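Trainee: Chains as they are written, first to last, in the working numbering: chain A, 1 to 222; chain B, 1 to 127; chain C, 1 to 307.
Calculated from the structure, these hints are not laboratory results.
All the pointers check out, no bait thrown in.
If you want the footprint, here are the derived chain B segments under chain A, 3+ residues with CB under 8 Å:
#1 23 to 31
#2 62 to 75
#3 101 to 111
In silico SDA-like pairs for lysine to any residue, Cα to Cα no more than 20 Å straight-line:
#4 K153(C) / A4(C)
#5 K173(A) / D240(C)
#6 K57(B) / G126(A)
#7 K57(B) / H125(A)
#8 K55(A) / A33(B)
#9 K40(A) / R54(B)
Since this is a predicted model, take the numbers as computed values, not measurements.
A virtual CB, placed ideally from N, CA and C, is assigned to each residue, including glycine.
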Amino acid sequence: MIVADRKPFQEIIEMLAPYSRILLLGCNECVTVCAVGGAKEVAVLASEIRLRRAKEGIPVEIKEVTLERNCDPEYVETLQPFINDFDVALSMACGCGIQFVGERYRNRIVLPAVNTTFYGVTEQHGVWAERCQGCGNCVLDRTLGICPVTRCAKSLFNGPCGGSQGGVCEVNKETPCAWQLIVDRYKEMGVLDRYLEIQPVKDWSVSRDGGPRKRIREDLKI
Amino acid sequence: MRLEYPSNIKIVKVPCTGRVDIIHMLEAFEGGADGVCLVGCLEGDCHFLTGNIRARKRVEYAKQLLEESGIGKDRLVMYNLSAAEGQRFAQIAREMTEKIRGLGPNPIKAVISRQQTAETKRLYADS
Amino acid sequence: MSTASNLERVLKAGIFAVTSECGPPRGADPEAVKKKGGFLSGYVDAVNVTDNQTSVVRMSSLSACLILKTMGFDPVMQMVCRDRNRIAIQSDILGAAALGINNILCLSGDHQKFGDHPTAKNVFDVDSIQLIQCVRKMVDDGRFLSGEEIKGKPSLFVGCAANPFADPFEIRAMRLAKKAVAGAQFVQTQCVFNVGKFGKWMEMVRDLGVHEKVHILAGITPMKSVGMAKYMKNSVPGMDVPDDLIKRMQDTPKEKQAEEGIRICLETIEKVRGIKGVSGIHIMAIEWEQMVPEIVRSAGLYPRPSP
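Isolated chain A, as found in the complex (with noise of 0.2 Å):
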């Protein structure tokens, strides 16, 4: 899933001065899994603003409303018979349903009250970690399921760096150190001398490096 912080509440506040009459969009995939901009956090953040406009005696009026997807057409469409009775839109979705909302509306300024950090996946109840940086070129295959490109702060394809120490990465210590991880693994499935493959340099062009990137399948074109 896609994972998101939420910005700072002081920044929100401020991004909203101007204005009153506020439309709060949520999404129900990925930013209501990891907990940052599903129905409920879109109903406590409302809520915050309301206090805090409240407070200030700022008028304020909010309606919440959370897409199925934002990243879709057909939801973002689903916006179009109230959305210009609002000043602005402030979006809890990733990075991708806010600019997507923006781009079919175009007179209608989205602010982002989310920040967009990584793919990642649960690995607990609360606690979410990045596992994909969606480089364009999987190398998991000669990793063995562990990414390099991603967990290792340094992104190094042959191996662990000097400052790998007690299975954790120098950069923090509640990082496990991806070389350790792939090592052991490569040692569980017995073929520790796998490690000594050299991996040649990396074709970064299929990455973000090569421009922003697009998928066609032109049979499902309509």
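Following the hints, position chains B and C against chain A.
Mentor: Quick look at chains B and C alone, frame taken from chain A:
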């Protein structure tokens, strides 16, 4: 026991403090509450095992939200006590009332009442 | 193939090599480089110049290398993958070779989190092993990573680093083997304090036959005080300072600790010289370069073969 406790406390019964969500606490303040007190069972004695422990974590989170929205974190408090501690409940109710009196009314009410006064004055001036 | 590198000549002649290093200043004053270099003159076969070490902005390695070269040194230009993509890396390699730099040390580089610009974006387009491959491709095949031909190919003696004390320990010798296969010709290790563990690592290195493919220089760092020893043990990732050394420093009166640190350093040199497969030492006297001559003399490694 017929113990007395301040009459300004409105009791909302829930099956377990674990049922109380962040939004419930915030909405109480939006509704004009000056303070909110969660009263859960003793830790370790939850009928649903961890309801009161989860409630405490949510209270901590809601306190942050109240602080950043300008209501103040001290208006939200959680206590743990057993069903047999009626005396203590009455005492907590008194303590809480005192504490909230010290903090003054919910700041959003002060603004609302100022606005109402201004509105009333304007109406008089117009007439 | 041979380069004009003095370090390569010394190592290939089977002479126990001595290198040291010089951290460039955090400013544009060339005198700072010359001052540090002045301490080392005549006592080392080559001098490493660090590349924004610990991710703190300093004078570029290439510039400081050039200053040292004019003083008669054979500089080893350190190059990290943190700050350059393959375009900048290859360009700097051509530039270094053009200016008569004979040695390059290929490193991944410390993470920027530890430096003075922790909010910087890092590069890591290639890693240290791929960097070694890249340099060798340029030097041996006269080709860029792209495969295109280089007009006027560079000549460089190619080195790398190794940390025998980091985890996972069981692949640390294999990691050096990978670097040797990639084309590293010499290696300078992390500071050796735990000689026992270093010995074990060397045994694994010998088992893989790596010591015959790459010249191994053991990293040596003199400790100034017990404070420094503790700092290195506790705060520098990948550093292994055994408790008995800490205790030895601790039990020494404060004014004699520097002397004791030098004594430990000399003992370490003596021990690593006795380990089969060790071809030299790399002295990293951090902000204590003035001690290098004494260390080299006392270790019986002076005079150095004339370049």
